[in-house]
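Asker: One letter stands for each residue in the lines below.
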Amino acid sequence: MILKPFDVVLVFVSLITITLFFINTLSSDNSISYVKVEVEGKEYLYPLDRDETEVFNGSLGTTTVEIKDGSAAIIDSACTNKTCIQIGEINKNGESSACLPNRVLVTIIGKENSEVDVLAY
Amino acid sequence: MHINRNKIISILGALALFLSLIEYVIPKPIPFLKIGIANIPIMISLILLTPKETIILICVKSVGASLIGGTIFSWVFLYSISGSLSSGLVMLLLKRVLKESVSMIGLGVAGALCSNLVQIYLATILLGSGAKFIGLPLLISGLITGSIIGHLTNKFISSSKWIRSILLN
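Line by line, the protein sequences are chains A and B.
Read in order, the letters of the first sequence correspond to residues 14 to 134 in our numbering.
Read in order, the letters of the second sequence correspond to residues 182 to 350 in our numbering.
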């Protein structure tokens with residue numbers, strides 16, 4: 014017999030750890046998203062997992078974009094109809110919110126659009 | 182016959198360096214995917230040497246192998262030494278707790294898992310959370326190579342006259 018009792022135990026523990034790691038990797042798959050804000054032709058990029066509040070100057074006045082708990086929302090804008098605030102929170106890849114009168118467009122983009130190849134050994 | 186203990190460290194260290202040189206020659210599909218044959222002497226040291234001497238051997242192996250590979254002043258060395266030390270500590274602890282109810286197969290699997298997890302964790306700190314996507318093939322290959330290396334070490338320990346003569350002393 015080449016295996017001793019605790020060899021089997023350690024192999025099982027190892028298998029369970031690998032499975033947990035796999036589940037963890039899968040579930041965090043789409044969490045690396047970015048918030049792209051376009052204001053009058055200029056683009057700004059913010060990671061979705063960091064809480065931040067940014068103020069942008071559009072053609073009418075200022076638009077405030079809040080990133081909180083993995084969601085982005087326009088919480089204040091200088092427009093008259095306030096449709097952008099009614100859209101509320103966006104958090105999925107491809108979702109967008111906009112304040113058209115102020116020419117501010119907020120989009121969630123996935124990691125495949127922004128991934129940079131940094132490994133070179 | 183009295184065997185000088187420092188001599189055992191240097192013999193095992195030389196063996197580890199030789200094996201890590203062979204490791205460099207073997208082509209790898211992914212840069213980090215190693216077989217880990219250089220860890221055979223370290224696993225042998227678990228039964229021949231004291232824990233302190235095993236740690237010294239691990240440092241000798243990591244520094245020596247990085248000198249040969251030219252990676253000693255790069256991040257690769259940091260991955261190498263942290264992985265080796267953590268797996269060494271885990272194997273020492275398991276060997277001390279489980280004694281004769283565990284063979285080198287279990288220790289090799291546990292050591293490979295620990296070394297890989299530490300290196301993946303380091304990579305996520307240094308390169309961002311995307312680095313853990315390379316982790317799964319590493320962990321699975323670690324399970325396979327760990328058990329193969331463990332089996333080889335078992336064979337080596339049970340058939341080596343040199344090891345038997347040291348253990349009898």
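Among these hints, one or two may not hold up.
[Stated by the list, open to error] Heads up, incomplete: computed chain A residues facing chain B, CB under 10 angstroms, no partners named:
id, residue
1, K17
2, P18
3, S84
[Unchecked claim] In silico BS3-like cross-links for lysine-lysine, where the CA-CA straight-line distance does not exceed 30 angstroms:
id, chain 1, residue 1, chain 2, residue 2
4, B, K336, B, K188
5, A, K49, B, K280
6, A, K17, B, K336
7, B, K313, A, K105
8, B, K280, B, K209
9, B, K188, B, K342
10, A, K17, B, K280
11, A, K55, B, K280
12, A, K81, B, K233
13, A, K17, B, K276
14, A, K81, B, K313
15, A, K81, A, K49
[To be verified] On the chain A side, residues computed to face chain B include the following (Cβ under 7 angstroms):
id, residue
16, D20
17, L23
18, T32
19, F35
Treat the hints as calculated values from the structure; they're not laboratory data.
For every residue, glycine included, the Cβ atom is placed at its ideal position computed from N, Cα and C.
Asker: None of the hints should be skipped; say for each whether it holds.
Answerer: Taking the hints in turn, this is what the structure says about them:
no.: 1; hint: K17; result: holds (5 angstroms)
no.: 2; hint: P18; result: holds (5 angstroms)
no.: 3; hint: S84; result: violated (19 angstroms)
no.: 4; hint: K336/B with K188/B; result: holds (23 angstroms)
no.: 5; hint: K49/A with K280/B; result: violated (57 angstroms)
no.: 6; hint: K17/A with K336/B; result: holds (14 angstroms)
no.: 7; hint: K313/B with K105/A; result: holds (22 angstroms)
no.: 8; hint: K280/B with K209/B; result: violated (35 angstroms)
no.: 9; hint: K188/B with K342/B; result: holds (16 angstroms)
no.: 10; hint: K17/A with K280/B; result: holds (11 angstroms)
no.: 11; hint: K55/A with K280/B; result: violated (65 angstroms)
no.: 12; hint: K81/A with K233/B; result: violated (49 angstroms)
no.: 13; hint: K17/A with K276/B; result: holds (13 angstroms)
no.: 14; hint: K81/A with K313/B; result: holds (24 angstroms)
no.: 15; hint: K81/A with K49/A; result: holds (15 angstroms)
no.: 16; hint: D20; result: holds (4 angstroms)
no.: 17; hint: L23; result: holds (4 angstroms)
no.: 18; hint: T32; result: violated (10 angstroms)
no.: 19; hint: F35; result: holds (6 angstroms)
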